[in-house]
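Number of protein chains: 4
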Amino acid sequence: MELEGVEIEDTFAEAFPIKVARVLITAVNEKWAMIAAKEMTGFGTSVIMCPAEAGIDKIASPEETPDGRPGVYVMMCTFGYKALDEQLLARIGQCVFTCPTTAVFNAMPESEKEFNTGFKLKFFGDGFESEEELNGREVVRVPIMGGEFVMEKNMGAKAGVAGGNIFILAKDQMAALAAAEDAVAAILEVESTITPFTGGVVASGSKPSSNAYKFMHASINEKYCPTLKDKIEDSELPADVNGVFEIVINGVSEDVVKDGMKAGIKAAVKVPGVVKITAGNFGGNLGKYHLKLKDVLGL
Amino acid sequence: MELEGVEIEDTFAEAFPIKVARVLITAVNEKWAMIAAKEMTGFGTSVIMCPAEAGIDKIASPEETPDGRPGVYVMMCTFGYKALDEQLLARIGQCVFTCPTTAVFNAMPESEKEFNTGFKLKFFGDGFESEEELNGREVVRVPIMGGEFVMEKNMGAKAGVAGGNIFILAKDQMAALAAAEDAVAAILEVESTITPFTGGVVASGSKPSSNAYKFMHASINEKYCPTLKDKIEDSELPADVNGVFEIVINGVSEDVVKDGMKAGIKAAVKVPGVVKITAGNFGGNLGKYHLKLKDVLGL
Amino acid sequence: MELEGVEIEDTFAEAFPIKVARVLITAVNEKWAMIAAKEMTGFGTSVIMCPAEAGIDKIASPEETPDGRPGVYVMMCTFGYKALDEQLLARIGQCVFTCPTTAVFNAMPESEKEFNTGFKLKFFGDGFESEEELNGREVVRVPIMGGEFVMEKNMGAKAGVAGGNIFILAKDQMAALAAAEDAVAAILEVESTITPFTGGVVASGSKPSSNAYKFMHASINEKYCPTLKDKIEDSELPADVNGVFEIVINGVSEDVVKDGMKAGIKAAVKVPGVVKITAGNFGGNLGKYHLKLKDVLGL
Amino acid sequence: MELEGVEIEDTFAEAFPIKVARVLITAVNEKWAMIAAKEMTGFGTSVIMCPAEAGIDKIASPEETPDGRPGVYVMMCTFGYKALDEQLLARIGQCVFTCPTTAVFNAMPESEKEFNTGFKLKFFGDGFESEEELNGREVVRVPIMGGEFVMEKNMGAKAGVAGGNIFILAKDQMAALAAAEDAVAAILEVESTITPFTGGVVASGSKPSSNAYKFMHASINEKYCPTLKDKIEDSELPADVNGVFEIVINGVSEDVVKDGMKAGIKAAVKVPGVVKITAGNFGGNLGKYHLKLKDVLGL
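Chains as they are written, first to last, in numbering that gives the first Met the number 0: chain B, 0 to 298; chain C, 0 to 298; chain L, 0 to 298; chain W, 0 to 298.
Keep in mind that a hint or two might mislead.
Any copy will do: because identical chains look the same in the list, a pair fits if it lies in one copy or spans two.
List of simulated lysine-lysine pairs, BS3-like, C-alpha gap at most 25 angstroms [stated by the list, open to error]: (1) Lys293 to Lys222; (2) Lys291 to Lys222; (3) Lys119 to Lys230; (4) Lys30 to Lys57; (5) Lys152 to Lys293.
Everything labelled a hint here was simulated from the structure, so no lab data went into it.
Since the structure is predicted, the reported quantities are computational estimates derived from the model, not experimental observations.
Using the sequences provided together with the hints, build the complete structure.
As structure tokens, this is what we get:
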């Protein structure tokens with residue numbers, strides 16, 4: 000298969016069920032909404048050793064926010080609801096409640112589960128807090144040094160999909176990186192998806208377990224490491240590929256994750272030097288969702 | 000006391016001992032070094048509910064980095080060394096090792112304690128990793144999709160100081176915020192200090208415990224809340240103050256934290272609308288360090 | 000009149016006819032499209048002493064660009080078509096043609112006037128250039144060091160409107176500035192408008208001619224200068240106003256300029272410290288268009 | 000010759016005399032100083048069709064500015080002093096005087112020539128302006144809507160050097176671009192130099208005159224165009240080079256231009272995919288300065 004002259008491998012991304020919360024942060028300007036969003040979703044690349052997988056979903060225009068201010072949607076994912084409840088409280092409480100001019104709203108209206116994060120945070124007001132309705136939403140209002148913090152009482156969550164992915168193979172590292180950056184920017188526009196890794200890009204895509212070390216649960220995916228091309232016999236890299244980056248995509252549903260993969264691939268193939276697009280799977284036995292590139296791109 | 004026409008209260012910031020690691024992240028450009036640094040130090044405002052207090056120390060020019068590339072110094076703080084060891088491994092492993100083009104070096108040469116974080120991460124290389132000396136440093140080199148990840152084997156840490164702070168009081172919220180932003184930018188230039196809160200600024204400065212709710216360990220500092228000025232009897236806010244932000248500063252020593260406070264105050268008083276600078280303390284009984292504004296500014 | 004608690008003066012902005020070209024710049028990523036756009040529209044605040052009034056219209060998503068890459072729409076205004084022709088050639092030739100990865104397309108399809116800027120630039124190719132059709136557009140393709148420069152042959156222009164404006168009055172300078180920044184960001188979303196001044200904001204709004212100096216064609220609008228409030232008898236500033244910024248808006252039609260004013264005002268009144276919104280006019284005798292705030296806001 | 004494994008051609012950059020002014024813009028924060036600097040230096044890549052060559056020299060810390068605020072140094076170049084005088088007045092008057100919170104100071108103390116730009120701009124104050132001394136500098140103070148505009152009366156200029164340059168040759172366009180970006184960032188740190196082209200990078204480096212068209216004074220440098228490699232007989236590009244960018248450097252002296260070239264090359268060779276560094280000249284007959292790469296790098 001081919002898209003704009005770039006080879007598309009006929010394979011699939013293997014993805015997994017996860018629990019997802021979606022939150023809207025507004026602020027006096029987009030800059031501060033984004034600062035809050037990044038602090039809240041930091042240290043959130045992979046649940047392997049991070050307490051959550053988290054990232055920026057997309058930017059919210061003032062027209063679509065309950066308080067008419069600029070905003071940023073963020074998503075947070077954990078394997079279970081209990082961890083999600085804890086992470087929402089800790090991350091909103093420590094990173095957004097403390098941040099100048101922010102307000103927080105639920106951005107997952109059709110949720111399976113609700114957490115009363117806003118209700119809990121209001122007690123920080125020491126009796127000076129209040130509750131009210133704001134454009135049909137129940138919010139708490141807490142006086143703080145910076146003015147007042149406004150937050151919707153309940154945050155919604157539901158089952159979603161984690162681990163959608165694409166691999167970008169290019170002639171060298173910088174072409175692969177430029178393509179990965181463009182792909183991440185394109186996925187940022189796809190509603191209800193995030194690219195949780197650092198800057199949206201994975202440089203060290205892995206395989207489960209390790210051949211050399213029994214104590215490792217994961218290790219490098221050597222078949223896609225350019226510097227090992229000539230040192231192993233089963234490299235998956237074409238001769239002219241010297242740079243590979245992966246983009247991992249989580250979303251609220253299988254469909255949006257596929258939309259994200261599509262947007263990412265379409266952006267990546269535009270970049271000079273990109274040779275091939277593929278995706279990562281574990282043979283299909285580990286993950287419930289098999290997201291075929293053929294279907295994703297309608298090829 | 001007064002500085003450039005702004006009142007300086009004769010008080011002190013009360014600060015605490017903490018353990019600090021300092022790490023240098025380099026990358027192909029400053030943009031990616033900063034992206035890695037922000038992901039690694041995210042969800043890191045306060046150890047009350049974050050696993051660490053972390054932030055950007057300062058930008059490193061290519062001339063001062065071991066690999067001659069642009070870089071960013073970050074610092075990470077926890078109350079004990081065990082937590083610091085765990086956080087270094089998790090945050091570097093998940094947020095920097097995975098990030099395009101990064102390398103990691105120890106930036107705390109005169110340390111009390113060393114963690115073999117780089118040594119541990121090398122096993123991810125599944126036998127393809129190697130060790131070498133790079134400009135006098137022992138580093139590991141792990142092949143990854145994006146090329147190779149280079150990291151110094153040992154990361155140093157030592158006892159430092161947390162909770163240095165300044166309060167910026169201004170005529171309104173936006174003047175206080177503009178001043179806080181300038182103060183954070185100025186402190187970014189002070190070596191070996193960080194401003195761990197979101198965007199460097201605290202909007203919801205707190206007091207220990209709560210008057211209204213027994214179950215709360217902390218609650219709003221109502222004396223500094225502009226919207227409560229007329230509702231309480233002991234407000235500390237002058238009549239013309241309607242915006243207050245706090246900046247918290249951690250550092251590797253009492254001296255650098257004081258340098259940070261000085262730089263922040265000098266920047267803040269330049270901003271139109273700033274009325275008064277003060278600092279937060281708990282009467283002096285909780286924290287080991289009393290950082291007097293008088294001394295900090297040499298007034 | 001009032002909007003969200005902020006006084007809206009019942010007055011009008013006085014605006015003028017101008018000629019406008021609208022151009023789409025695409026690039027390998029939004030960053031480089033924006034860099035090109037800013038260089039091309041720099042030194043372009045006011046035709047009083049700049050060769051053109053120019054600015055960023057809005058960001059283009061890859062879906063809407065002829066080459067499927069990220070882009071930025073820019074607009075350029077002069078009083079006559081001859082100057083516009085010259086400025087298009089000089090600014091695109093020197094600032095975009097020379098810029099990495101860019102392509103240029105006409106973004107004013109229903110134009111009154113066309114300039115063959117792309118046709119002229121192709122001769123730089125020294126015989127190695129070519130022409131082709133790209134998604135229904137006639138383009139030239141010039142080989143350059145960075146690859147190839149692609150540009151549509153003809154750029155369109157039409158009669159537009161210059162000098163739409165709003166004045167933001169706030170308690171202090173920083174509140175006025177924060178509001179002005181938010182207003183500019185909101186107007187950026189309004190298609191076919193620009194805010195040509197530096198950062199979109201005018202700090203030194205003027206009146207025609209000068210009372211003190213015969214040789215000056217323009218001078219300060221002292222009635223809106225906060226530091227002169229107590230020195231003149233006819234200040235227009237309320238007692239609590241200490242910061243004023245103006246935003247000037249040009250557009251392809253009277254309607255879009257009014258849309259821009261509306262978006263700007265709606266964003267500005269959200270910012271704490273904003274006291275009043277008004278607009279600038281010269282009594283109605285100089286400009287053809289009288290854009291009433293009442294109409295703009297539907298009050 | 001070789002640097003970090005990258006071939007350095009034994010050639011020289013041919014550079015020319017030019018007149019240079021150097022100006023310091025300060026503002027309430029670095030963001031607004033930079034916005035003003037970019038507007039003022041926009042449409043300023045090459046005097047071929049721009050009214051000046053202009054760019055950001057470097058960022059100024061609050062410690063080094065006369066008013067203790069953040070700042071940005073800019074430089075502006077024209078072939079003669081008359082044009083420089085006019086451009087200083089037009090660009091500062093239209094792009095900085097109008098910009099929120101800015102002040103302007105002379106940053107060329109040892110000048111050959113002085114222009115009374117500040118003195119001229121003060122008359123905009125319509126009699127409300129004043130003069131004073133600020134830290135040993137004679138400044139004018141003009142009341143404006145945004146507060147007050149402060150500017151030093153005289154701006155200094157001297158003879159400098161234009162057209163220093165390096166060519167970066169890489170395996171593909173994105174590697175060359177990443178290297179060019181890093182080079183520009185490195186040159187930004189070199190005092191008293193600018194990279195006047197868009198984003199600091201030239202994508203369409205040229206030769207004087209044209210073989211195909213008599214009416215063209217300049218045309219593409221086909222020997223360095225990757226897409227023409229196989230179509231011409233005298234291509235200068237190695238077989239593995241598919242991306243080339245040039246960086247042009249102007250400075251206040253031959254020495255600083257050489258420092259800029261050195262900093263740029265040192266940064267560029269660090270980027271994966273860069274194959275060769277060379278420089279542009281016209282055989283040595285046109286330009287007074289021959290800046291040899293051998294000398295520049297001390298090889």
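Structure-based check of each hint:
1. In this homomeric assembly, Lys293 and Lys222 come within 25 angstroms of each other (Cα to Cα) only inside a single copy, at 22 angstroms, whereas the closest approach across copies is 42 angstroms.
2. Taking the shortest alpha-carbon separations for Lys291 and Lys222, only the intra-copy value of 20 angstroms comes in at or below 25 angstroms, while the best inter-copy value is 45 angstroms.
3. Within a single copy, Lys119 and Lys230 get their C-alpha atoms only as close as 56 angstroms, which misses the 25 angstroms cut-off; across copies the closest is 23 angstroms, which meets it.
4. Taking the shortest alpha-carbon separations for Lys30 and Lys57, both the intra-copy value of 13 angstroms and the inter-copy value of 18 angstroms come in at or below 25 angstroms.
5. Taking the shortest alpha-carbon separations for Lys152 and Lys293, neither the intra-copy value of 43 angstroms nor the inter-copy value of 37 angstroms comes in at or below 25 angstroms.
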